[in-house]
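J.: My numbering puts the first residue of the sequence shown at 1, with every later residue one more than the last.
Just so you know, the hints here were simulated from the structure itself, not pulled from any lab data.
Just so you know, even glycine gets a beta-carbon here, dropped at the ideal spot from N, CA and C.
Mixed in with the good hints, there may be bad ones.
[Stated by the list, open to error] With a cut-off of at most 25 Å between alpha-carbon atoms, the simulated SDA-like pairs for lysine to any residue come out as follows:
no., residue 1, residue 2
1, Lys11, Ala100
2, Lys11, Ala110
3, Lys162, Leu120
4, Lys38, Arg20
5, Lys162, Ala213
6, Lys162, Asn135
7, Lys38, Gly89
8, Lys162, Asn41
9, Lys162, Asn215
10, Lys162, Ala136
11, Lys11, Leu122
12, Lys162, Gln138
[As the list claims (entries may be wrong)] Restraint ranges, calculated between C-beta atoms of paired labels, are given here:
no., residue 1, residue 2, range
13, Thr53, Gln299, 30 to 38 Å
14, Thr51, Asp117, 27 to 35 Å
15, Thr132, Thr260, 43 to 51 Å
16, Glu24, Arg152, 39 to 47 Å
17, Ala229, Leu281, 50 to 58 Å
18, Ala178, Gly233, 17 to 25 Å
19, Thr156, Lys38, 18 to 26 Å
20, Arg152, Glu14, 13 to 21 Å
21, Lys38, Asp297, 54 to 62 Å
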Amino acid sequence: MELRQLRYFVKIVEQGSLGRAALELDVGVSALSQQIAKLENELATRLLNRTTTGVTPTSAGMAFLHHAQLCLRQSENAIMAAHRGRMSGYVTVGLPPTTATVLALPLINAMRERYPDIQLHLVEMLSGHLATQLNARQIDLAILFQLEGGKRWSVTPLLDEKLFVISSPHLPHAPRGACVQLADLGQLPLVMPSAQHGLRSTLMTAFERVGLAPNIIMEVDGLAVLMNAVRAGHAATIQPGAAAALKGESGLSVVEISDTHAGRRNLLATLPDDELAPAALAARLVITDVARQLVIDHQWPGASWIDDVAP
């Protein structure tokens with residue numbers, strides 16, 4: 001069995017077509033088909049179902065896909081470690097944009113101090129996309145806000161975040177004072193992430209509980225652009241404490257939502273322990289320690305630590 005055969009197989013499953021996979025891999029369809037046939041002969045089982053519309057993995061193929069993806073990632077990590085000589089490991093950590101604003105730099109600092117020979121790769125994207133990357137073994141760890149059923153992950157609840165209304169002080173209907181209830185926000189124009197974002201789902205559920213539909217006039221999936229729209233006075237937004245930490249440099253009004261059910265839980269999800277390299281295990285420990293210290297030092301606004309997290 002060769003690594004290129006694993007690479008070919010994974011690409012075919014991703015593309016759902018031998019022709020599209022061949023274009024992506026820059027090999028001939030005939031050569032690609034021959035390599036898959038050799039792989040199936042060696043395994044003595046069929047991995048792909050061929051149809052007139054494309055290819056799909058068999059049940060054996062789905063089982064094989066999981067391990068093929070892991071083998072490819074481990075081989076890439078081995079190449080990276082060899083190229084860097086002194087490096088003792090490589091780990092990829094996924095952070096949602098709001099979480100990255102408060103956690104990314106302290107995490108980088110702590111990893112450089114405690115494990116300087118581990119190469120850290122940070123990926124910043126929406127939590128839903130991070131879950132997909134975790135399933136595909138493209139990242140080792142991620143901060144998520146929602147869990148998908150049936151996934152073989154190791155999950156540790158880290159902290160709960162309160163939500164805040166962030167707005168220009170001059171925006172009509174913007175709340176005043178230290179706190180506000182969701183029921184009082186019906187007229188407030190909002191700019192929010194789209195439905196694929198975990199925060200949007202959390203927000204809609206919270207509004208449904210008070211029998212109110214939020215007045216969302218704009219959707220923006222990039223945190224920087226979203227906050228620029230808020231600064232420009234086009235609309236307010238509802239964000240967790242990590243995004244509220246930006247208020248010092250923006251001059252924005254930040255008002256806590258007092259509803260007890262309005263909040264977001266941060267979950268540290270990783271590949272199963274038996275699939276994690278030592279570098280990833282070390283990074284998981286550092287993430288937990290750094291997040292806890294940020295909460296203790298009041299550097300994560302609106303966050304409360306979940307006490308039963310293992311040290």
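J.: Determine for every hint whether it applies to the structure shown.
T.: Taking the hints in turn, this is what the structure says about them:
1. Lys11 to Ala100: violated, 31 Å
2. Lys11 to Ala110: With a Cα-Cα distance of about 36 Å, the restraint between Lys11 and Ala110 is violated, given a limit of 25 Å.
3. Lys162 to Leu120: violated, 29 Å
4. Lys38 to Arg20: holds, 20 Å
5. Lys162 to Ala213: holds, 20 Å
6. Lys162 to Asn135: violated, 28 Å
7. Lys38 to Gly89: Violated - the C-alpha atoms of Gly89 and Lys38 are around 33 Å apart, more than 25 Å.
8. Lys162 to Asn41: violated, 56 Å
9. Lys162 to Asn215: holds, 20 Å
10. Lys162 to Ala136: Outside the cut-off at roughly 31 Å; violated.
11. Lys11 to Leu122: This hinted pair holds, its Cα atoms lying about 24 Å apart.
12. Lys162 to Gln138: violated, 30 Å
13. Thr53 to Gln299: 30 to 38 Å: violated, 53 Å
14. Thr51 to Asp117: 27 to 35 Å: Violated - the Cβ-Cβ distance for Thr51 and Asp117, about 49 Å, lies outside 27 to 35 Å.
15. Thr132 to Thr260: 43 to 51 Å: violated, 31 Å
16. Glu24 to Arg152: 39 to 47 Å: violated, 27 Å
17. Ala229 to Leu281: 50 to 58 Å: violated, 40 Å
18. Ala178 to Gly233: 17 to 25 Å: Given a distance of about 22 Å, which is inside 17 to 25 Å, the answer is holds.
19. Thr156 to Lys38: 18 to 26 Å: Between Thr156 and Lys38, where Cβ atoms are some 42 Å apart, the hint is violated.
20. Arg152 to Glu14: 13 to 21 Å: holds, 20 Å
21. Lys38 to Asp297: 54 to 62 Å: Because 57 Å falls inside the window, the suggested range holds.
The structure fails hints 1, 2, 3, 6, 7, 8, 10, 12, 13, 14, 15, 16, 17, 19 (numbered hints given earlier, in ascending order).
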